[in-house]
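Protein chains in written order, with our numbering: chain A, 39 to 272; chain B, 39 to 272; chain C, 40 to 264; chain D, 40 to 264.
Watch out, some of these pointers could steer you wrong.
[Said to hold, decoys possible] Some residues of chain D that are not near chain B, with every Cβ distance over 12 angstroms (derived):
(1) Gln-77
(2) Thr-96
(3) Phe-117
(4) Lys-196
(5) Gly-237
(6) Thr-246
(7) Lys-258
[Stated by the list, open to error] In the DSSO-like style, the derived pairs of lysine-lysine whose C-alpha atoms are separated by at most 30 angstroms in a straight line are:
(8) C/Lys-111 / D/Lys-180
(9) C/Lys-180 / A/Lys-209
(10) A/Lys-174 / C/Lys-106
(11) B/Lys-174 / D/Lys-172
(12) A/Lys-191 / D/Lys-41
(13) C/Lys-180 / B/Lys-90
(14) C/Lys-41 / B/Lys-191
(15) D/Lys-258 / B/Lys-123
(16) D/Lys-180 / A/Lys-191
(17) D/Lys-132 / B/Lys-123
(18) A/Lys-191 / D/Lys-172
(19) C/Lys-180 / A/Lys-174
These aren't lab readings, by the way, just hints derived from the structure by calculation. Every residue, glycine too, gets a C-beta built ideally from N, C-alpha and C.
Spelled out from the first residue to the last, the chains are:
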Amino acid sequence: MPAETVQEKALLEKPRLTREQIAQLAALELPDGAYVNLGWGIPNLIANYLPKEITVYFHSENGILGMGRRARPGEEDYDLVDAMKVPVTLIPGASFFNQADAHLMTRGGHLDVAVLGGFQVSEKGDLANWKIPGAKGSGGIGGAMDISAGAKKLIVCMEHITKDGAPKIVKNCTYPLTCLECVNTVVTDLAVVDVTPEGLVLREIAPGWTPDEVQRLTGAPLKTKGRVPEIHLP
Amino acid sequence: MPAETVQEKALLEKPRLTREQIAQLAALELPDGAYVNLGWGIPNLIANYLPKEITVYFHSENGILGMGRRARPGEEDYDLVDAMKVPVTLIPGASFFNQADAHLMTRGGHLDVAVLGGFQVSEKGDLANWKIPGAKGSGGIGGAMDISAGAKKLIVCMEHITKDGAPKIVKNCTYPLTCLECVNTVVTDLAVVDVTPEGLVLREIAPGWTPDEVQRLTGAPLKTKGRVPEIHLP
Amino acid sequence: MKKKVYSSLDEAVAVVPDGARIMFGGFGGAGFPNNLIQALVRKGVKNITAISNNCGTRDGELGLMFKNNQIKHVIASFPGPHANHFQERFAAKEVTLDLVPQGILCERMRAAAAGLQGFYTTVGVGTEVAEGKEERVLEGKRCILEMPIHADFAFIKAHKADGLGNLTYRLAARNFNPIMAMAAKTTIAEVEELVPVGSIEPEQVMTPAIFVHRIVQAKGLHYAG
Amino acid sequence: MKKKVYSSLDEAVAVVPDGARIMFGGFGGAGFPNNLIQALVRKGVKNITAISNNCGTRDGELGLMFKNNQIKHVIASFPGPHANHFQERFAAKEVTLDLVPQGILCERMRAAAAGLQGFYTTVGVGTEVAEGKEERVLEGKRCILEMPIHADFAFIKAHKADGLGNLTYRLAARNFNPIMAMAAKTTIAEVEELVPVGSIEPEQVMTPAIFVHRIVQAKGLHYAG
């Protein structure tokens, strides 16, 4: 086995953030008072990790603004579900509207932040998150294309690499695209990466990792601005 | 004075229907249960002449369906006005909505009948009703273009001729157009005229008038199908 | 005056012919016209084009219609992980699918409702969704032309209806229902409650009566699937 | 968290600079943000582009702003028979006018709100409105391309607001207000009543808080002009 591969293997065995920690990290990106849509997967965990001192208004594409926590057993009303069919609650000041108005909000630039899962993010901020090439069945788009086209800030939460060790941050997406040049920030189990006009910038890095190590698991060049601070979760 | 002009002058002095009678005649065109928008001028008088046995739902482009009669003195609420700023009332089952939805109804083919005033109607059903050439001031379009483009049936109520004796039903409109090929029926103080693929058809005629007389005050050929019945107001 | 209220589900859907294009409301299990769908299953209509966010949840929602092979073409945004009957038909090429982004699905129906002939959007540019569509730059942005989606019928679910057809919806069971009600030629609503005309506040009507043509009260099967 | 409620009209409009593009709600005397307009008059902003169905009723509604020559360009559907100050400025070529059919005015604002880049309509085909606009045939119909109308501000009038910005409107005073609230970058609402957060039923919110940025309670001048 060549030295390089041995090194890669060792890298793959180093501890990374958990899915919950990725969510916790992304929660720190939400400003007080923001209107926010959370997609399926890791983003859906974010609501559990909001700093206590801020209020965020969660939007659901089925026509809810001001979604609260999930309903407790016995509290469920199946006319009040989120985009994943899960019964939820409301916070005071919530509102309902139809699905066209819900996506007027997503597409029209009214959401301050949207957080989606991702299969690949390119150097330019292209997102692929709806279809795995060769997967069986019809696939489905849902609200992801409208949301990613319209949010003022789009954060993608995902593992840094696939189960096979392939980078998910890439030069050009090879998976079917969701939206061109839409991603602002990628939060992974290894790093926080900003998409900037000058390219990808490594903003924060997982404890115990070096920028060089993260670069080796990344399919596009990562710029750094001085020393890259280590991720500190509260 | 040539004989023809003497004849024309005599024609202009023959009794015609009043504006109220035009409205009364147009009211007979409204089917039971219809959703109807009434424009400014003669159409606005129609609501007074509805046959008792039918119910019609009046639409106003400021977002009302189910407008009732005008408000009586002391009953006025200036948040409840029609498109002419006149305080009105509601009938049971009325609803409010925003102006975009009000015009979704007009443009989208949801209104069964719209009745507008007119300056000119052409042989093909083109309507000119928003601007008099050479008139001072800015002019104004209002809802007329959306309404005439979308109504399932468009009726125009107007005098048959101008104050100067010029025909208002013409071969081609010379006034600025409101909408092309939109008018289905013209109700005037002399006749009811249908716009058909075969041309204008004189359907009914004012008491004491002959088709030939009406034709002489009309700028486009009027077809007849057998004897033209005389207008009978209830 | 023609009455809009029908006394049975079967009577309410009797007007639907084979080959009809039908919009079906509902999202995430809420606001589905499950009882009307069951009536369509009983009626056995064939060759339906279904316009719906998803394609059923096992036997629920549109599930049985796919199981019975009543639907030949679907315009949907997210067929869904539990749409097994649809997926089987799709794999067997017995049903074709036009995948549309969810908000664009809403807007294309709204364009039909509003008498618009098409619109430009940035959504889908550079993706599979853009294939075969006109692309141009407007306002400095690449965008594609999307066309209205018309339908013969909308099958919707509401909470309350008065006899004229004014509707209200409960909570997030509103979703696609008001848009579809506006977009189809004939809208058939199943409702939980029939209330007297005049008992819904005019300011609180969510779908004005002009958009609703047939109403039937239906209890049970609230959350099928 | 940033508070949306301002204690004075002057404070609420302090953010509006000279040259701003502003949408003004209201129709037929109902739903005009008359108190906010008076504050703009006091502030003396200049070179405003006004987007409004009409152009004032004598001194009322936008009247004083035309009298004071604060508006340089108007996008309107029906300036109105009693908009004498506007008509004088228009005759003197001190204000320019873009006349738009009323429903198309709504849709162009809604397109801006909904992040659409333009739409095709049959409305205006063959008329002065079509001049200079792209024309083509879609769905077998001649139609023209209409572009979104964006604005920096929407000045609107609502009945109730909670502190988050959820709004309700009274009767037909709703009119253009909800559309404009969605279409502008910053929406400033004058309201008759401020109510506690949570006291407007979520199903009955007419403009969700996401569209409202500044709120001020204002009484009086309800029906100016």
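For a quick check of understanding: which of the numbered hints are violated here, in increasing order? 2, 3, 4, 6, 13, 16, 18 and 19
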